[in-house]
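Q: Chains as they are written, first to last, in this note's numbering: chain H, 354 to 693; chain F, 354 to 693; chain C, 354 to 693; chain B, 354 to 693.
Identical chains share a label here; the pair holds if one copy fits it or two copies do between them.
Below 20 Å or equal to it, Euclidean Cα-Cα: the simulated EDC-like pairs (lysine to aspartate or glutamate) are:
(1) 690 <-> 499
(2) 655 <-> 405
(3) 655 <-> 551
(4) 655 <-> 616
(5) 690 <-> 425
(6) 690 <-> 464
(7) 655 <-> 453
(8) 655 <-> 547
Source of the hints: derived by calculation from the structure; they are not laboratory data.
Source: prediction; values computed, not measured.
Listed below are the residues making up each chain.
Number of protein chains: 4
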Amino acid sequence: MNTFGTLFRLTTFGESHGPAMGAVVDGCPAGVPLTTADIQRALDRRRPGQSELTTSRDEADRVEILSGVFEDRTLGTPIAAIVRNTRQRPEDYERLRHEDRPGHADAVWRERFQHRDHRGGGRTSGRETLSRVIGGAIAEALLARDVPDARIVAWVSRVGPLSCPAPGPALSRSDVDAHPVRCPDAATASQMAELIRDAKSRGDSYGGCIDVRVTGLPIGLGEPVFGKLKSRLADAFATIGAVTGVTWGLPDLEASLQRPGLEFHAGDKRVYGGIQGGLSNGEPTELRVYFKPPATLGAHAKNGRHDPCILPRAVPVIEAMTALVIADLWLLHEARKHTK
Amino acid sequence: MNTFGTLFRLTTFGESHGPAMGAVVDGCPAGVPLTTADIQRALDRRRPGQSELTTSRDEADRVEILSGVFEDRTLGTPIAAIVRNTRQRPEDYERLRHEDRPGHADAVWRERFQHRDHRGGGRTSGRETLSRVIGGAIAEALLARDVPDARIVAWVSRVGPLSCPAPGPALSRSDVDAHPVRCPDAATASQMAELIRDAKSRGDSYGGCIDVRVTGLPIGLGEPVFGKLKSRLADAFATIGAVTGVTWGLPDLEASLQRPGLEFHAGDKRVYGGIQGGLSNGEPTELRVYFKPPATLGAHAKNGRHDPCILPRAVPVIEAMTALVIADLWLLHEARKHTK
Amino acid sequence: MNTFGTLFRLTTFGESHGPAMGAVVDGCPAGVPLTTADIQRALDRRRPGQSELTTSRDEADRVEILSGVFEDRTLGTPIAAIVRNTRQRPEDYERLRHEDRPGHADAVWRERFQHRDHRGGGRTSGRETLSRVIGGAIAEALLARDVPDARIVAWVSRVGPLSCPAPGPALSRSDVDAHPVRCPDAATASQMAELIRDAKSRGDSYGGCIDVRVTGLPIGLGEPVFGKLKSRLADAFATIGAVTGVTWGLPDLEASLQRPGLEFHAGDKRVYGGIQGGLSNGEPTELRVYFKPPATLGAHAKNGRHDPCILPRAVPVIEAMTALVIADLWLLHEARKHTK
Amino acid sequence: MNTFGTLFRLTTFGESHGPAMGAVVDGCPAGVPLTTADIQRALDRRRPGQSELTTSRDEADRVEILSGVFEDRTLGTPIAAIVRNTRQRPEDYERLRHEDRPGHADAVWRERFQHRDHRGGGRTSGRETLSRVIGGAIAEALLARDVPDARIVAWVSRVGPLSCPAPGPALSRSDVDAHPVRCPDAATASQMAELIRDAKSRGDSYGGCIDVRVTGLPIGLGEPVFGKLKSRLADAFATIGAVTGVTWGLPDLEASLQRPGLEFHAGDKRVYGGIQGGLSNGEPTELRVYFKPPATLGAHAKNGRHDPCILPRAVPVIEAMTALVIADLWLLHEARKHTK
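Chain H extracted, bound-state conformation (with noise of 0.2 Å):
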């Protein structure tokens, strides 16, 4: 089941060591504005080798629109895309013909499909999410034209024992973007940063938690009783490798378990967390999202063709199915007028 959405599909392939990469989008209206330049962009993003504190991979990953797309608008036909893989190493991996890559799911992999494929991660790598955040330009492409007022920012908000305090309702992407950890304050983003080159000398690796906003949304977005906004957004990042959890209006959960409903429910807009009933109520949304620290380690990890922390180039990937989220939903909003 390599498909994500109910109107607005986004169907992903490629081994992470065979010829391409993918994303069919189907169900995309036409005459949306979208170039191959929103798409690469997107990619940018979550492309290795931005810093130091990622894999020194050096990968391009040059986008090229198959379908869907012409005179730089859809055409309501699916939109096929494709990045080539140029650094497979296929004799760095020989080696695994035979042998299983510590902590990571190649034995499950093996019992499941009866096979081998010693090339490496396969659909299990990370490099895979690189399909999702195709399919979330896209998204964002009709979000931009339907949905204009919608905002989606990711951010690291923790990286291990390092907290981000809450970022101020501004918040941007180039926020965001301005330090390399993708943490928006400033001086937590440095200990950050320290801790993450730390941790890469040393062959060890931190997890933490990306939070997301979402604003602008109209009400009554989402699905019941299966299909609720919340649920599809749980769904959506928990498919990703490293996600190892997904809190919404627990804005501090340690203290938000604690506190009885009387206090709970007082006044702070935040515990609803922009969503009732399963359905988006008009305020802002935001949910946080756990992730383990990579299992590459050691001198496998010293290589530098991994991520220490995976967290900064995960931000857009957190985008990318929050945005497919999104236009999935408001396309299932916009089928079943209530009025006429």
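Could you slot chains F, C and B onto chain H? The hints should help.
A: Positioned in the frame of chain H, the structure of chains F, C and B alone reads:
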């Protein structure tokens, strides 16, 4: 979208104050032993009025199977079952014709659906979970036949500030049901009960956590990339009204997040949560589901028709959603044999 | 797979000799005027015992709405409705416990499902179409609100060797219902009735054709490539037990096939069947549905509990399936506005 | 909706004058032997320019596999394959920027999508079927492994007024391919070829019928009620642009319709078409697919870039759609074992 699942599909219907709640399960194989009593037993575990800790509404919730079962075996055809709503009190609700209940989603639903079903919560009511428990009972009947080693046990691991110590590996549903609060540690359970009784008397409420443990799964359950075991469960739980988060592989959230990878991945099998690469790896899986405190508070709460803490009654709902996910992934797993 | 449709979704359940037949419609917008009487009226048109031409079984088939409707309007929640099976005669069927009915699918189902539901046809019974008529009535309620110009009229165009001349453009359902055989040409209808009566007396049966005409559709209904208006209708009709073919745009099959393109495409709008490129083009659409003669024959047929020709009673079923397809494509059409 | 199938899912993309046509098959089990040559061979059978009977466009249609196959076996991941469009001639199409092609769906698509892709047929072009042939080749690879007795053979049974006698039980694809018109009866084939050549010279065109025979299916393939073998095939064929009807179990349509049940059901196994109660019964199945004559006529047709009769090239497309349906129903069949 009131259908859940790909091959083992649950469709739910019914408003809390309409004629009946119901469920249709499509895709259950033929020949599975199933009786009305099996479903009734499951419903009895979520029934209101079981103890002084829950709402005093006493609804018998008698299930009737309408199709799909003959001579105590499934036919392979859709299994429909209903529970009549016997305790509607329209006179209580007439006053809601022109007023929204505080803390509820009434305004959002009215905007979305352009109408007011002033009879009460309708589909946002916790009563909607009754249909899920019917579906879960059928899923468990299938698992009992096809995956007999599978065990699904959920328990209340936290109420407000009170946490339950991690239970031993032999934990059973009877252990959990031994105390009405459904916390398997007797001492903690008593404290939780005291806390809930106190909240009830004050018109207050409590949230907390339910943990669910799944053991005995075959290796390789789950669908990469979208449709992972973890994402299907996160989705399943997040569709429940009061749920505000799901985590897995983080038995001690705060401490887990602080640990660098070399510590995190050192030995503790729970960090994988029984799931690797999105697939079951044969080890036990534990997830934690976070609930916010009920929003019916103060004078509204004191009439006794609401739960001051829904966690005890939500335990069978969490188990039902888990069983639905496992049954569906099991059928998907069977569909695609990778050897012949 | 007992669900039909993408956004306007009908799920059917019920065995012909089980407790009840039922339908759940998910995805119908809120606010659509709908009463129990609307559905009952549709069911009465397919009810057995309407004339000497059909089975003498007289089942009242009283529908009960269980959810999704309040104060005579849809709620936007799933609409569930059931009809109790009141005329089960288990004593008639006990002898079927160990014997297959000739010409029926009993052996195939037994192989597939590894069980015998000797109570009768179960889900292969024509009685299953009752659930479709419930769904169709709800679809027509939506179309009445949202696509008020849409008209769906089906009629018996052929019984065995007897064909009905093409009816005029003003044809209405009352015209069709004027004669119990549901052929709008009075003279042909009388001949057909005579033919059917004769077959009944001999324990024989007849197949034939139902034509369905759809007018008043907006331009552009249908989904390219899979999901075309024509393919959705072909699929819809082909799911009916006795149907053995569907054609469109070939008003006179044999003659149409002989014509080269220059003649075929010269002027006769019917050759497009109101469908171009898979989408409605605003012109009237006509399809022809082929039925084989019922397989219950000889002594089995003479007990009067079977239809010697199911075409008259299948007319509302064809209309129901058409309405379900149109309602679903309408919602899909609304979802993807191509301008803003 | 450019996806076909439930478990074995084909997603197609590509406009006839865009950069590439493509297909993604999701759900194919791992370990199935599959090479680029397997797919290329299937594509070569539908390629234009194979004989003087077809369009003179000579497109090499070289397939490239982008994912899902490694060391000549499927990985269990999505299989993506593309064919570059090499013969776009934008200069030919520039004049279409402001004019609709007669007899085509240009006006309907423009109304629906509010744009004009004046490069040509886009997704309505017959070139779209190339993606289906890719999907069909993969489906056949699966069937070769899992249902080795299954045989799918289609042939041109009629062109305009000329009909082919029923072929014997041993009919193979080589028999069909022996004559470029793909009618297995040599004498009829010659007459058909003559008819088509004559139509071509006059700027005329012909429709007709393709018959498809399926043998060697296991008993019980198909999903009741929606998802029957016959309805899935009817749907599959009706999604093809030029198809205007599908019948089954009516080997001689006119004569079959005249027969009363006692004759119809007397002995001739073909009346069941290998399908009973919607499921395969193990007997051979034959369906007939009706095609209308191409709408490109007169001067437009004489430039040689269009087929005067698409039937010969549609044979592998019909086989591909059949294989896709069978592969999908096979996986669904495997999913729900009814004994354990």
